[in-house]
Every structure is written in structure tokens, then in C-alpha cells.
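A.B. asks: Use these hints to put chains B, C and D onto chain A, whose structure you have.
Residue numbers (the UniProt record's numbering), protein chains in the order written: chain A, 1 to 243; chain B, 1 to 243; chain C, 1 to 224; chain D, 1 to 224.
If you're looking for bench data, these hints aren't it; they were derived computationally from the structure.
We treat Cβ as the ideally placed atom computed from N, Cα and C, and that holds for glycine.
A portion of the hints provided could be inaccurate.
Stated by the list, open to error - Below 27 Å or equal to it, Euclidean Cα-Cα: the simulated BS3-like pairs (lysine-lysine) are:
1) C:K139 x B:K136
2) C:K73 x B:K77
3) A:K138 x D:K123
Claimed, not checked - Here are the in silico distance ranges between beta carbons for each label pair:
4) B:K138 x A:E241: 54 to 62 Å
5) D:A214 x B:A190: 56 to 64 Å
6) A:R234 x D:E222: 34 to 42 Å
7) B:G14 x D:S203: 44 to 52 Å
8) D:S203 x B:G137: 56 to 64 Å
9) B:K136 x C:T120: 15 to 23 Å
10) C:P80 x B:D206: 56 to 64 Å
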Amino acid sequence: MDKTIPDLATAVSGIEDGMTVMIGGFGGSGAPIELIHALIDRHVRTGHPTGLTVVNNNAGNGHVGLAALIEQGMVGKLICSFPRSADPKVFTDLYLAGGIELELVPQGTLAERIRAGGAGIPAFYTPTSFGTDLAKGKPVEEFEGRSYVQERWLKADYALIKADTGDTMGNLTFRMAARNFAPLMATAAAHTIVQVTRLVEAGGIDPEVVVTPGIFVQGVVEVPDPAQEEVLNRADAHYPEVA
Amino acid sequence: MDKTIPDLATAVSGIEDGMTVMIGGFGGSGAPIELIHALIDRHVRTGHPTGLTVVNNNAGNGHVGLAALIEQGMVGKLICSFPRSADPKVFTDLYLAGGIELELVPQGTLAERIRAGGAGIPAFYTPTSFGTDLAKGKPVEEFEGRSYVQERWLKADYALIKADTGDTMGNLTFRMAARNFAPLMATAAAHTIVQVTRLVEAGGIDPEVVVTPGIFVQGVVEVPDPAQEEVLNRADAHYPEVA
Amino acid sequence: MATKLTPTQIAWRAAQDIEDGAYVNLGIGFPEMVARFQPPGREAIFHTENGILGFGEAPAPGEEDWDLINAGKKAVTLKPGTAFFHHADSFAMVRGGHLDVAILGAYEVAENGDLANWSTGPKGVPAVGGAMDLVHGAKRVAVITDHVTRDNRPKLVKTCSLPLTGVGCVTRVYSSLAVIDIENGRFVLREKLPALSLDELQSLTGADLVIPDAVADLVTPELT
Amino acid sequence: MATKLTPTQIAWRAAQDIEDGAYVNLGIGFPEMVARFQPPGREAIFHTENGILGFGEAPAPGEEDWDLINAGKKAVTLKPGTAFFHHADSFAMVRGGHLDVAILGAYEVAENGDLANWSTGPKGVPAVGGAMDLVHGAKRVAVITDHVTRDNRPKLVKTCSLPLTGVGCVTRVYSSLAVIDIENGRFVLREKLPALSLDELQSLTGADLVIPDAVADLVTPELT
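For reference, chain A alone in the conformation it holds in the complex:
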């Protein structure tokens, strides 16, 4: 069994117009910049994919990664908890102009909805958002005298995530807080594509420290020295590069 993919272009080649794509990362930590840029490259070349629904905690920052994907006009809808950042101009301008749909979800509910999608739990109850605008239209139920909101699972066609070490069977470890949503998204997508900083043979990861078991991963592509969104933005980088 070998889940490695030779290059980034191949890694993102299955994503089609209108699909739902979960993208790992919390702010810049864990953002799979190279996978996102490969998707942008494809759009530059072919005009596709477009009309994507993207699931991420944020809405991008600056003009690279998720912000660049939005700037490229590829995202029709964003499902996120916090579309603010140091420089959220790309999303903000498009949103205020009515050019992108936003589904705002409390962060813990977003995480749990994704986990539920991966775990075969179609709905669950949470105290979060009870009595607020974000609970409008959702079923409410009382348990032991306290009120809870029913939330639905969230699934995706693709997940694009970044891991630290990955083996050829798709077992993954992550680096510090870059873990965040990635292990959940891996479970909730029909196709999980991972850029790993270090690719090893099966057996190269201690079975005790595997965070994402290979069953949740469909493809692994090695990106040895990945860019960090925060660093790119401090250098005012744009993607695609401004000539």
C-alpha cells in the first residue's frame, strides 16, 4: 500500500467545481499553503475549480493561501468561525460586496460538526449558541432542565491538510498547534490529501504517537520546506506573484 502522490498538481487534480473542501489550519498555523497554491495554479491554467464551499476556521490573511484562493474568485461560500485577521481585506471586501456567502459557526461547534461528520453522527446537541442569533431555526431540546441546540454533521468532498511526518500508508503526526482542525477534517472528507514535511516508509512512525491513522488519508505528497503564512504575509507576499 502506497498512498504517496508524486507532485502537488496531481494532489489537487480531483477537486471539481462546486465541491466542499475542508482546509486545515488556524490562522497560519497548519495552513497547507502549497496545496492551496497548487489549486490556484490549476485555476489560473484551466479556470477550474470554482464555486467551492470552503471550511476553515478563518477567512484568510493577506494575499496568500486561503485569502489568495478567495481573491482568485474560486470560493462561493465560506463556513468558518472567525473571518477576521490582521489583514482580512480580501474576504471583507468580497463579503461586503455580496460576492461570497458566509456561514458563521461557533468554533467548538464547527470542530464538533466536522468530528461528527467523520464519526457517523448525523446530529448532536450542544449548549453553545443557545438563545443567540446563530441558533435561529435550529431544533432545541431540553435535557435535565437545560436547553441545547441540535447541530448537524459537516462532511466534505476533499480535505487539504498539512502534517509534519507522514508515512506511505497515510499515518500522520503534526507539529505543535498546527494540528488544530486537521485530524478532524481528515475523518470527514471523502478524499483527504495531506502535504507532509517529511515522508517516511511504513513503520517510520511509532504506532503510539500516530495522531491520524492512515485509514483517514487518501493521498500524501511531500513538501519538505513548507511556507508559513505568517512569514509570507510579513513579507507582503502575493499569490500568484505580482509581476
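C.D. replies: Chains B, C and D in isolation, oriented as in the chain A frame:
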């Protein structure tokens, strides 16, 4: 912050009559034999605790550990998925005589109910057990044309679990398949007491490989060379020892 | 009547349908044997409810590590690429549809795919384990079983008389006499022992068999 | 009117109520300052939504590792006993009632404990983050805030006019003028600036203050 407890007797001293106690382990792997035996010692000495509701995947095996706890007459109700084993005589005899109540729960539902208890999710829907006797009396709902059963969270007053390495702040790692229910139970109990094979200072466990973060643990007691239920039973051990 | 297949031969037949790279859960007991017959060039990854993916065969006697066991509490071994995880993650794999195949034993299978394999009725101690989760989780749920009970009553029936494990969940049955698919609420015969007549097979089956134009011979190696 | 406390002084006061060994989540921005004022001999363990427990203070400029950040996307450091985990586990800690204290900012707090701190209305881009989870998860939810808005309107009100973050969730407010508990749907004054009269404080508060027999002086070190 130091969560270490000096000895096993102190570790189990807070468990009172009628409490719900989750006990880690799947069969013998991960069974916290020494904590269970310390609880039996207390009962031998004081007649308490008794009338416990115990949550475990199984119903014990032979005459040690959970089976011995049942044999001692301390368990009023067992919540488990599979009360069979190589030698389930203790539970079987008591159950058939009407001396112990059994709540049978599918294994995945048991795991998810415990996780829900720890994660503040009062109820969730699962396809498991739909249309079977084990779903009788439970609410059923349809999502996207498929039927699901509503299941409730499960919480406990105490969890008794076994870990491999633990630090003074309660961070834990486990050993192979001895992990099983322990990380879930740690989240779902008001008091989680852990017997660790190796106790280290804070910083002694790589933050990347912590399986149970210390926030879920209230007490840690070192048991350097823990007994393995399977080995005890092959030697036909009894607890308390038969004179 | 034709000599029926041994349990080992049934396990062999079931193993032939497991694709390379498939994630597979084998039920406790008899189904565990399926792992021994992976066709050359194919490698399945085996999942066990108690938190291991990609484990290997049993260790030599005396070499057991009792923290490294499968759901049947039998000792297993590590292989390159093994991963450990807790029970909630394990059943996220099951319930979330990540397993390609689950192969289970059966007391009864009905023509609509209902399975009864956990309780023989109100007597004795009931035990369910992970069966109810597996039947609604794996992409494909297959059963391996003797075609009839010890007292020669059909195990493939019109309607299960024993308590159900799952509703409409089984899609293929590997029995000691035949391979039968469940399609649109009917038993569809795919393979049968060459020496067994269609009438004989029908007489040992508790619901009508649909007989397509092509029914293959069920042939296995000599295995006991 | 008495000189009000600086944000730093409010943060200092809030820090005095955090017990040794408490698990604490501090909201993005102003509340993050609370971590700087742990009383001697006490050590709280700080949780951040993005999957770290027990992190330390900010690194020196130039020493940042952008994989090691808090929920405000600011760089932090490791301490002995730190643990990393994914977002679902992180919010299991929050929602499951495992945090002892959450300290958040506020646009408005109502006398029944309702909190509004995520949206100033339909204009602009809404953002909620983890606030709605925190207010229904932590054992104690406290607010630190200026007592009034920039244009001198009360932030402690009878009923929130802005979209709610949570219903009946706040139990203590540390403001620039006072420490106020929320009990039985009322604001109960616990401490106030010594130079501030009760009438002045009431005039800056949007709902009736309950004045118990003992109201302590709110005194903090000089901090800017």
C-alpha cells in the same frame, strides 16, 4: 501543581456507596488491577463502598480485578457491551440469580456516550442499534432518509484507569491496546484516578505524544510493575487471596 | 448431499473478495480465520475495535504481550504502519463508514439483509460487543456461516426469528454451500458447490433463491 | 469622578481571583493580560482554543515559532507539562466543563448574566470564534471591561441590546470602577473605587445595583 497520590489506599478513598465508577480496560488490557484491588481492600476493611454502578466494556474474567469486585458484592449495576469472557462465571452466576443489574450497550455507542459525557454533548444520534431490542424506548429521528437512535451521555463520579507514563500534572500516555476506553473515561468522570507504571516530572512527556492532557486527571499514583489480568487468570489467582 | 465446505474453506472464499489495500474488520471467532487467506499480491489492513489498525498475525506461544490483543482478546503482533487509538476514534472509523468490509458470523440472515448474531433469546447472559456498530458502519457487510444450523434448519431465512443485530445491512453471505448476494430484498445465488443441485440448495434455504443465468461453481482448495 | 482603572489594572484585579492550579481560558486581546499578574505562589494552567494546554508567555521578538500560537494568533512558548491536542479535544475541555475560569471581554453584560461580545450589529463582517462555547463551558465565566462605552453609555445593562453571545452565563464583572457579582438576576456590588460614590457608580450603571452591607475598596497597584 502536583497531582500525585502517595498510595493506592488514598487513591480510592473518595469512592462512596452508590457512586458510578468507570473502570478502564478491554478484557485484561488496560485493566487497573491494583486500583480495583485497593477498592476491594477498603471494602474488606470497612464494608464500603457498595452498590456501585460500574462502567466497563466487559464483566470481568476469573476471580481478580473487576470479576473480584463483583464477587465481593460491591457492584449493583454493570453498564457494558460484552459480559462474556474465557471465565465469566462470577458475573454470570450473579446475573442469572438476579443479584446484579445489567445495562447492555453496543460497544461503539458505549464509547461515544462516554466521550459525549466528557465533551458536554448531552445527546447524539447513531445508526447503531436502530430497529433492534437495544433501541427500545429511545427516540428515533430521520436524517436524509436514514433512521438514527438518540443516545444520551454517560458520566461518572470516578474513573479508575491505568496509564503507562504519567507526569505530576496528570498528562498521560498509554501502552498499545491498553489505551482503549481510558482516555474517554478520564474526560467523563468528576474524579479521574490513574495508576501509572512510570511517574515523571512535568516536562517528562513530549507534549506531542500526550494522549490524555492533565486537565482530565485529578490524581496519579505510581504502580511500577502492574499485574496483567490475563497472567493472573492463567495462574488461577483469586483476590482477596484464598488462604 | 454434497460435502459442505469447512469453516476454513468458507473463510478462504470470503478472503478472495477482499481487495488490495482494503480496511477490514473481522468478527470474533470463526471470521478471524479470513486473515490467513489473503491472495498473493494483496494486503488488507485489519482493524480491531479495541484500538489497533494494521496489526499482524498471532505471536508464537509464550511470546504474547497481553496489551497487544484483538477484540477477541487474542494476542496479535505489530506490523510496519500499525497505529493505536482510543475506543471513540476506533468507532469513528466503524460508524463513520471508513472500513471497506466487515465480515461477521450469523445466527440468521433474512432475505432483506437483516442480521441476527448477538442473542439467542432471553435466556442466558446477553452480549453485543461491536457488532451493532459494524453492521451500520462498514461499506460492505458480509456474513460467513454454515448454511444450516446443527439441527439442519436454514440460517438464511425469510424473516429473522432471533433478536436483530441490524436492519437490512448484509449484502453477501458466504455459506458452507453457496455464495449468495442480497439484492432488492431477495437472496440471489452467485456460486454453489458443483455437486449440489439447485433443488437441494433451495430445500436448505429458508426463502426463495433467485437464480440468475450464470451461477458459478464454488470451488476452494482442500483446507481443514 | 474618580480616576478609573487602566485595562492593566482591571486585568491585575481579575488575576487575584484565579486559584493555584486553575485551568483558565483568556479571551483574545485585553483579557490575555490577566496571565501577567498571577499572584506569587500560584500557577494557573492556560488553555487556548487552538489546542495547547499549559503554554507560557510570549517569546522574545524574532524568536517566534508560528506553529506555536494562541487563539489570538500571537506567538507563545512551551512550559514543562504542555500538551497539544486537536480542536475537538480542545472544545471537549471547554464544553465539557473542565475549565475552571474563562475571562472574556464584553460589549454589554445584562443583570441576568446575558453577555453580548461578538457582534455590534448587522453591519460589517460577523466573527464569533470560541466565545459562544466558552460561556457555556467554563465553571466560572467572568468579564473584564471598561464600566462604560467610549461615549459614556453603561455597558452593564438591564437587557442587552446587541446580539447575545450567551444567556445567563456571566457571574462576575471586573470593570474599570467596580467588581460586581451577578446573583439571582441582579448586579451585586462587591468592590468599588474608594473615591467613587455609590450614586456616581449607579449613574454609570444601566441597571439597579444591589448594595450589600460590606462593599470593599477596589485597590490595585499602579499599572499602566
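A.B. asks: Each hint should be assessed against the structure and marked as holding or not.
C.D. replies: Structure-based check of each hint:
no. : hint                        : in the structure
1   : C:K139 x B:K136             : 26 Å, holds
2   : C:K73 x B:K77               : 24 Å, holds
3   : A:K138 x D:K123             : 23 Å, holds
4   : B:K138 x A:E241: 54 to 62 Å : 58 Å, holds
5   : D:A214 x B:A190: 56 to 64 Å : 33 Å, violated
6   : A:R234 x D:E222: 34 to 42 Å : 35 Å, holds
7   : B:G14 x D:S203: 44 to 52 Å  : 50 Å, holds
8   : D:S203 x B:G137: 56 to 64 Å : 58 Å, holds
9   : B:K136 x C:T120: 15 to 23 Å : 18 Å, holds
10  : C:P80 x B:D206: 56 to 64 Å  : 22 Å, violated
When held up to the earlier numbered hints, the structure conflicts with 5, 10 and fits the remainder.
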